[in-house]
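Colleague: Chain by chain, the residues run as shown.
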Amino acid sequence: APIKVAGIHASPVENAWNSVLHKALQDAAAEGAIEYVFSEGVSGTDYPRAMREYAEQGVRLIIGEAYAVEKQARDVAADYPETAFVLGSSGKEAGENFGVFGTWNHDGAYLAGMLAGKMTKSNVVGSVGAIPIPEVNMLINAFAAGVKAVNPEAKHLVAFIGTFFDPPKAREAGLAQIDAGADILFGERIGTADAAKERGLKSVGSLIDYTPRYPETVFANALWGFRPILDAAIADVSAGNPVGKDYTAFGLLKEGGSDIAYVKGVAPADAEAAMEAKRAEIKSGAFEVPRITDEPK
Amino acid sequence: MSVVFDILASAGLWAAVLRIATPLILGTLGALLCERSGVLNLGIEGIMTFGAMIGWLAVYNGADLWTGLLVAALSGGVFGLLHAGLTVTLGLSQHVSGLGVTLFASSFSYYVFRLLVPVAGTPPTIEPFQPIDVPMLSSLPFVGPALFTQTPPTYAAIFLALALAYVIFRTPLGLAIRMTGENPHAAEAQGINPMAVRYGAVVAGSALMGVGGAFLTLSAFNSFFPTMVQGRGWICIALVVFASWRPGRALLGALLFALFDSFQLRLQTRLSGVVPYQIFLMIPYLLSIAALALMARRARVPQALMQPYRRGER
Amino acid sequence: MTEAVLDIRNVSKRFGDNLANDDISLSLGKGEIVALLGENGAGKTTLMSILFGHYVPDTGKVLVGGRELPSGKPRAAIRAGIGMVHQHFSLAPNLTVLENVMAGTESLWHLRSGTPAARRKLNGICQRFGLTVEPDARVGDLSVGEQQRVEILKALYNDARILVLDEPTAVLTNLEAERLFATLKEMAREGLSLIFISHKLDEVMAAADRIVVLRGGRKVAERLAEKTNKAELAELMVGRKLSRPVREPSTPGEEVLKAAGVSVIIDGVERLKSVDFSLRAGEVLGIIGVSGNGQTTLAHLLSGTVGRDRGELLLFGQPVGDLTVDEAVGAGIGRIPEDRNEEGAIGEMAIWENAVLERLPRFSRHGLVDRQAAQAFAGEIIDAFDVRGGRPPTRTRLLSGGNMQKLILGRNLIDRPRILIAAQPARGLDEGAVVAVHARLLEARRAGTAVLLISEDLEEVMALADRIQAIVNGRLSLPIAAESADATKLGLMMAGEWNDEHEVPHAL
Amino acid sequence: MRFERREHRPLALVIATPVLAVLCALALAGVLIAIAGAPVMEAYWRILVGAFGSRLSATETLTRASPLILTGLAAAVAFRARLWNIGGEGQFYLGAIAVAAASSQLLGGLPAAVQIPLLLITGAAAGIVLLLVPLWLRLRFSVDEVVTTLLLNFVAVLFVSMLIDSVLKDPMGFGWPQSQPVADAAVLPKLLSRSRLHIGLIIAAMLAVLVHLVQSRTVFGMQARAAGLNPAGAVFAGVPLGRTLVTVACISGGLAGLAGALEVMGVQGYVTTDLSPGYGYSGIVVAMLANLNPLGVVLAALFTAVMFVGADGMSRSMGIPSYIADVTVALSLISMLTGVFFMQYRISR
Ligand SMILES: Nc1ncnc2c1ncn2[C@@H]1O[C@H](COP(=O)(O)OP(=O)(O)OP(=O)(O)O)[C@@H](O)[C@H]1O
Ligand SMILES: Nc1ncnc2c1ncn2[C@@H]1O[C@H](COP(=O)(O)OP(=O)(O)OP(=O)(O)O)[C@@H](O)[C@H]1O
Ligand SMILES: [Mg+2]
Ligand SMILES: [Mg+2]
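Residue numbers (this note's numbering), protein chains in the order written: chain C, 5 to 301; chain R, 11 to 324; chain L, 168 to 675; chain B, 4 to 352.
If you're looking for bench data, these hints aren't it; they were derived computationally from the structure. Predicted model only: the values in this text are computed from it and were never measured. Please note that the accuracy of each hint is not assured.
[Said to hold, decoys possible] Here are a few chain R residues that sit away from chain L, every Cβ distance over 10 Å (derived from the structure):
1) P128
2) L170
3) M189
4) N203
5) L297
[Claimed, not checked] Per the computed footprint, the stretches of chain L lying under chain R, defined by three or more beta-carbons under 8 Å from a beta-carbon of chain R, are:
6) 240-247
7) 266-275
Each residue gets a CB set at the ideal place from its N, CA and C atoms; glycine is no exception.
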């Protein structure tokens, strides 16, 4: 029988990050690999209860995010050793049944930066993020590094909107950067691409593929895939292996977790070629994109 | 200093001010109308959320954009009716009822959205309002791009502010509303039905709030996200006070707040991390409190605000 | 009687168990002035509220000019030419006079207020009836008398042909009241018909053509003014013979309270200007004056709720600093505030709570309220002072004005205070209640209490006070003996005409 | 139609009203559940199970009720004196951040027996300070406090957000904006192991009784009520208005601050900006449901917690959108408020 998996989402599942998890889980369920139930918009206060409730219902694997409740989440896991927890976390795994994963799609961001660096005419690019937390910082820094790698002269602007959910505000932040000269925007937040679209400029998406949503605008995306992490976790649970480990690596480009998705022919051919070369290097392990979690300036 | 001047001198800033201000103008006018009749409507945050959801949903299901706004207005009116029923007919405590309406309207809109819109990644989009260039004016240097390249609801919001100012201060209806907010007993003695006036004002005000919310999904953005109203409703409550219950000043207040916000976004881009962004976000609240402290002595607060009116009770 | 412009037919109205109006019929002729008389709670306001459409009658109807008025619609009443000046003003203080007058007079759906035309019309009415007010003044800035005028203007502006005034003089000074009645008579000559409610028999006798008396919700009598007298009316109102008690001669005791050169400044305005008086045990000192001249401040000063800025206050011969309420009550000062609903009692609290609130130190131990003792105290007051309509746990709001006043008197007098500050103790009360209050004050005087009576009512002061001082614009006149006072002299004093020549310089 | 105040409330009515109100709310919620395609009767059963059906759900319900009791008391105390404190949310957060700051920066070394009481006082004090500002504005400039307390909520949360993003940021928090945790000695003892239920519940319940006694038995309680009902009358009766309101504000702000402190010390361990799912605002509704009666607040808080935790659990076991929990709570609050109204008033013609 498929194992029962619960997703607990602190945000509504529209949120790009959660939607990646949600989609992977839905797909897995559709394939019959798992049985999937979920809760969304679960506040920090309620999160541990949701974990406990699912655990008591006999759910075998709980997928979610520990960011706001790192300590309590580990307490819950200790109380329910029969249940496997694999949660997004910036921290470490704990015990046999508490595994973690990070969101490392910076490889794709770096590669997209390499395209953007060659495409910018104003020599200014911009990034719009939610709040300066490590994983957001890492992503934006990687994008900036990709830009600088091919175009050391380029200027990189950063803005944080102070919240995870305010697409209209992300759009305003994007417009502000365009007004400040940026002609390519990296949108860590949804809404950024709308600014680029409005001004007929190009934009880069993050986590999911935004190109279908903004066909003329988003030419590249730093994709993050959750499926490899999920599959690894499911495999461990089915095999009765402990899940108390760090699953982050499964999300790396090298492991097929993340990647760049881009529209061919938008960037100059030589830029695409250089980027593809770098991509191969990352895959082979010859190159590692720097992971800088300091707040980008 | 020159950075500040640079930013202020860019037309883009002023265009952003108008865009950011639009939902605030609409929400503030709505809250102001309610309060002028003596009813505090803390349901605004929830009503804006529902307006954003339902307006978008209507357009997503094939209605045109203006119909979307209309649907949002109607839904706002329905919640206004609920609030009026609780506060005007029953005379329940207005802030408690308002908080109840906010809790209900927002959670209800998420629930409805989740049932009706299957999620797959980011929510689906609609084709939102497009900016229109006002003929002639939009080609003026600086002023043109700054002020005359907005979407229609923005022009409508500004017009509504002026229209509401006119209605409140220049028409018999406005006088009836003001008198009901000052002293419903006096209004009744003049043959005005204070209950009806309050119902009307709360329903109409809430309709404006609904439209303010819908602006977010039909013009500022093109899909609905739960929690996307992000406290804009509360800002409106502050702005009403800041505006000392005058529509013209509400317009100015909303523009001023939007100026802070768009300035902040631009300043960050230039000098990131110099001032914590929270400071900028606090400013409108602190300014409103300061304005209250300065004005309260010349109290022009509607005197019957938050006082239930029951016929035949004194 | 000329043709009836108004016919109230068999109106009844019940509130809960209380039959407020019981089958009342009343008609009003063109140009006639009818006075409606009755005790507190007799149903006068209720009847007028039905006439004006605030209330829907249970049975009965109202006809104006022969046509039946739809019930419960103030708008219809206004249209039919009825204007009402309410017992409690209904004005919006933050709006201007013109706005208050205009509101509701135009169709709400007109796209523009006809302000210039309204201003012309209002000015015309002002001139015609000699009621001057500034149309653009904010109503909250006007004096009580001016606000009263605005109320009347509102009715006239609506082309009222029938004007109802509910206790219009309750808040007016004698002078203002006289002016008002002159205006009303002028209006009647112009063809307006008027109904006014009053507790003041003098006014009723002077102004009305016809007098209708209500008692317990029923119409008990109807008299032509020239065919009745005050004594008969008083008896009709309460259902038994009544006469106001009068002070008997006595010799005052030692001086218990003395003020020398006391000034009080509130919000930058000097409300009391160097006032002097002396109060002795067993006497009533009357302070008479037109309201707004500092009475309230004087009462507050002696009640311990405002401090003074200059001057000396001697209590039982000892100088006192800023008197607090606790000190005042502790020292045996009884206090009757001028507004019983605003200050005298807290309507939503129980009778027992109102009985002890100002003397909590006595009814508490270690910060805990001694409920038993407090309830017993309230019970004593209720019995001794004949407070009707409630027991100690009853909410005070349910008491009528007269009974509430008895409660306030009772809590102050039951312990035989040495000093009693009584501000407007009988204001707004019906004749029966007035008699009861006056009797209590005289009883206290007999028992040796020094009473400071602050009042606007000449008759009251002349009946009760041993000596009288007038207060005008914050200054106190020298006292005159009651024996040498008459209405003319007091009237002059209240207008500020007194002789300061032999004023002794302050000894202190 | 008009409403007439009931002077007497028959017992049957007092019992029937809340029952009817709950039924009404459940009926409405049932419609929404049915629309989601779930069997309604089973959903009702699941709400019960979710709220009381297991050790976990019962303890969770009580855990959620604890802060609601305190914020409810905070509102009830203030409203009774007609001090419209809508700022419970901000006071909650300030109490929380004060405790986190004090324990992590200053008092962390102290033994639990000393540290915990000190921290509780600190949390209360922070709440008090935040409420004294609008009170001062009211007493000094006659600024209406409804709006100022409401606005200060947002200022307080932003202030907390700023602190946990800078000086109080937890270096071990992996860069996430969260405060440094309270010291181990500051963690409140649990009432039951393997649960989140901590002694905060006992503290809250005891405070409810205490507040009840203060309000009904003491001179201060009577004066505070007088001040609320009729300030001019209270002044005339010798009630020191300013002092009374300041005391009321101290109790009210203190209770809300304490709620935040207990939540940090008993449940979360550190402060984030989503520490409170609107406890300050729910407290206002709880207080109104209880008709401002402190003992009623305990019941109303339990009721609110039962509805939320029950409906939340139901959504998970029935697989319907979890937003149904908030919808159910909102519906029951509105219908309960209406019910309480009809307990106090009757309809007459
Ligand atoms: N709104 C009301 N609800 C319930 N009872 C009322 C109401 N208004 C008046 N009453 C009752 O009707 C009776 C008549 O009240 P009304 O106000 O008409 O008296 P009144 O003659 O005007 O007295 P006063 O001289 O004191 O103004 C009162 O005794 C009271 O019990
Ligand atoms: N809204 C009401 N509901 C119930 N009873 C009322 C109401 N209004 C008035 N009453 C009752 O009507 C009676 C008379 O009240 P009223 O206020 O008219 O007294 P009053 O002597 O006129 O007072 P005042 O001297 O202040 O005018 C009292 O018994 C009072 O409790
Ligand atoms: Mg009356
Ligand atoms: Mg009266």
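Colleague: Next step is simple, just say for each hint if it's right about the structure.
Modeller: Structure-based check of all given hints:
no. : hint    : result
1   : P128    : holds (46 Å)
2   : L170    : holds (16 Å)
3   : M189    : violated (5 Å)
4   : N203    : violated (8 Å)
5   : L297    : holds (24 Å)
6   : 240-247 : holds (count 5)
7   : 266-275 : holds (count 9)
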